[in-house]
Every structure is written in structure tokens, then in C-alpha cells.
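Protein sequence lines correspond, in order, to chains A and B.
When the letters of the first sequence are read in order and numbered with my numbering, they come out as residues 48 to 304.
When the letters of the second sequence are read in order and numbered with my numbering, they come out as residues 24 to 204.
Calculated from the structure, these hints are not laboratory results.
Note that CB positions come from ideal geometry on N, CA and C, so glycine has one too.
Among the clues, some could well be false.
As the list claims (entries may be wrong) - Simulated restraints on C-beta separations:
(1) B:Asp70 with A:Ala201: 41 to 51 angstroms
(2) A:Val136 with B:Thr146: 32 to 42 angstroms
(3) A:Arg283 with B:Arg159: 16 to 26 angstroms
(4) B:Gln134 with A:Leu125: 35 to 45 angstroms
(5) A:Gln120 with B:Thr80: 46 to 56 angstroms
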Amino acid sequence: MLPYIQVGPATIQLPGLVVLVGVWLALELSARFAARLRVSGDQVVNMLLWALGIGVVAARLGYAARYLDAFIQSPLSLFSLNPQTLDPVWGLLGGLLTAWEYARRKGMPVRRTLDALAPGMLLFAFFLAVAHLLSGSAYGMPTKLPWGIELWGARRHPTQIYDALLTLAALVWIWRLGDHARGDGTLFLKAVAALAAIRLFVEGFRGDSATIGGGIRVAQVVALVVLLVVWWLYPRWRGEEPSAGGARRRNSQRRMS
Amino acid sequence: MEQKQKHWLWLVAILLLGGGWIWLTRAPQSLQTGPPPAPKEGFSAPDFTLQTLHGDTVSLHDLKGKVVLVNFWATTCHPCQAEMPALERVYSQSKGQGFVVLAITAEPSVQSIRDFAQHYGITFPILLDRGAKVSREYRVYGTPTSFFIDRRGIIRWVVFGGPMSEALIRSKVETLLKEKP
């Protein structure tokens, strides 16, 4: 665990920094991958930046709506930099709606754009796992295994490392599949399925799972539902006509440009 | 194999493997009962006993049943200075409902602390962490660092850095005060 580094008089929160780096690199990767699918990289980046910005605003307003009295007594708190006063559900909704509207106005092809986002999504998930490791969040159950890590008073499964390694493997897989992506959204579905499968697997070793009756872990149930939704969508998206001039390349040994 | 057959096989695999893994990795009873002490959300707040600026003794375990905000601070820390007025306002308004602020400092100069408390009109307990023992136990790497502790003694939120906005303090305290002991 390494939540801080001291640089002179300044104390830098490493997990937050790693998340920011993850966002930046995911944007870069999305832009580069978009070019392979003949989607404008600039438009993808702009769409994500707008979604991020409006998402943060929506998250703050959503939180403020829940605790109206607190914000009425202190209106300037609306502009504070505390991430603890952001509502993630509203943030996600705001971000998704913004992305949707942006893509609609720019005439961006929806499924090809989703495919373009697939590697960036996995890269961000990787950096999130690293941030969890640095902050000691998303920690594992106690274990006697030799690769356990000392954390929060016990030797625990290094679930953050499991997450990071599996997500990295998924990223490599999706990147390689990108050579043959049809731009029909199925690459995105595969990335979502990979994330859901990783969550389903790693959650089984977590020490902080929310549970329902009988110790069933909520996140695993949600992951299973996501996998079933992907299973249902996949043939429907694949069965549509392939995108004109898709991503098929003569040279299958394409390297990242 | 036909595409359709493959597709249905995938469903069987997802349900069997996924459902089976969920069943196999059900959270053990120990996970579902009380967590051990650790300075982390979801864990019991590590107990401590410290002296206040006025010479009284305060123990965290005596405050079970109340909502406690443990705030680590220093007189020379600008974000600490910025958030003190908000802390004092929320404390003044909510102390009658069972809210306590414990402001812990490892500063050696008692006079500096007294001057600071007077300047900001602080009425909540200021605890002297001589030798920074409690700060180390709570893994405080920088100030301010704040721990919101519920009535059962469980840490619900940890805020690294600051200043905390008044709305942040109020909303978290309001949430915890509404919960039954």
C-alpha cells in the first residue's frame, strides 16, 4: 500500500494520480484505436471529455439534490473539490447521456464507436486496479497462500493484483482481436464480457463484498447478469450487415500506430 | 457445430460455471460478522485513549453509540485551517444529536495549539497525540485526514486531504445520525 508520496512540502495522493493517468492514457488509446476502425479519434476523445465533464457536474448536482439542506446552508460547497460529494449513479447517467447526445449530433456510428472504446475501457480498468492496490481498497479475504499480502491486519489475497493482471490479459486479447474488428459492436461486447467475467471470478476472493442471503456476493450476481445480456446481444449485433469498409486489413500483423 | 448450437452451449457454460463459482465462493460467516480494527472504511475504528488540551482523558470506546469524526490536523496545515470553521459550525449544531468531533494533533507545542483553538473558536475536544502513536496507528500520512465513524464504531468514510466542504461534513454526519445505534 502506498497512498501518498511526499514531494517537498506537497503530499501527493498516489491513487488519485494513477486514476488521472489512467483516464489520460485510456483517452489516448481510444483515439488511436478509433483510427483503425475509421472512426474519428478526435471525435471519440471529445465525446469522452464532454461525457467526463458533464458527468462530474451531474454527479455533484445529484449529490446536492440528496442533501439539499447541507448545500443550502453552504452553497459554495457546490464548487468544492471533494470527490466524496459526487454521486456515482448520477455521474454515470449524466456521462452516458452526454456521450449519446454528442455522438448523435456528430453522426458518429454507434457500434463502431463502441468498438473503438473497448481497449481504452480495459486500460482504465487496469489503472483502477493499480489505484486500489495503492490505496488498499478492494482488498481480499485472509489467506495462507504464499502470495498473500499483508494488509489491514491480515495476510490477504492480492485481489487488486488478480484484477490488474487479468484486465491486462483481456486488453491484449481485445487489442489483437482489433485487427479483425468488423465495427459491429461485438468487440465492445467482448470487452464488457471480459470485465464481467473478471469481476465474477475475482470477487470470489474479496474481503469487502456486499452480500445478500446465504453469503451470495452481489457483484457476482450483477456480473452474471451482464454476461447473460452480452450472450443475448452478441448474435443480434453480429448478424447485422457488416459496416462498410470495416476494419479488415490486408496485413494482419498491424502494429499500434 | 452449428452457430446456434454453439450459442446455446455458451449459455449453459455461463450459467453452470458462473452460478457454480458464485455458489462455491459464498462469503464465509467471518466476513459477514464484525470486522477487526483497521483505519479503513468498513473496519472497526482502532481504539485510543488520549488527553485533551484541558487535561481530560477521552477514549474512543466510550463514545460508542455516538457519531464520531476523528480529524487529524496541524496548526501549520492550510487546508486544516480552512476546514476548522466548518467543523465547528457542524459540531455546534449537531452535538445535541450525538455528534462528536475529536481533533487529534501530534504537535509538540501546546501553546500553539491553544492559540489556534482560540483563534478559530474551537469548542470540540482537541486531543494531544504525543509521539504521534495514534497517527501512526491510523496511518495518517498527511493532514488533514478525517475518519467518519458510525454509532457501532465502524469507519464509514475516510477523507484524505482537504479542506472538507461544509456540505461534505454535514451530509456525512446527517447520514450517520439518522442511523439507529
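Do the hints match the structure? See the list:
no.: 1; hint: B:Asp70 with A:Ala201: 41 to 51 angstroms; verdict: 18 angstroms, violated
no.: 2; hint: A:Val136 with B:Thr146: 32 to 42 angstroms; verdict: 37 angstroms, holds
no.: 3; hint: A:Arg283 with B:Arg159: 16 to 26 angstroms; verdict: 57 angstroms, violated
no.: 4; hint: B:Gln134 with A:Leu125: 35 to 45 angstroms; verdict: 38 angstroms, holds
no.: 5; hint: A:Gln120 with B:Thr80: 46 to 56 angstroms; verdict: 34 angstroms, violated
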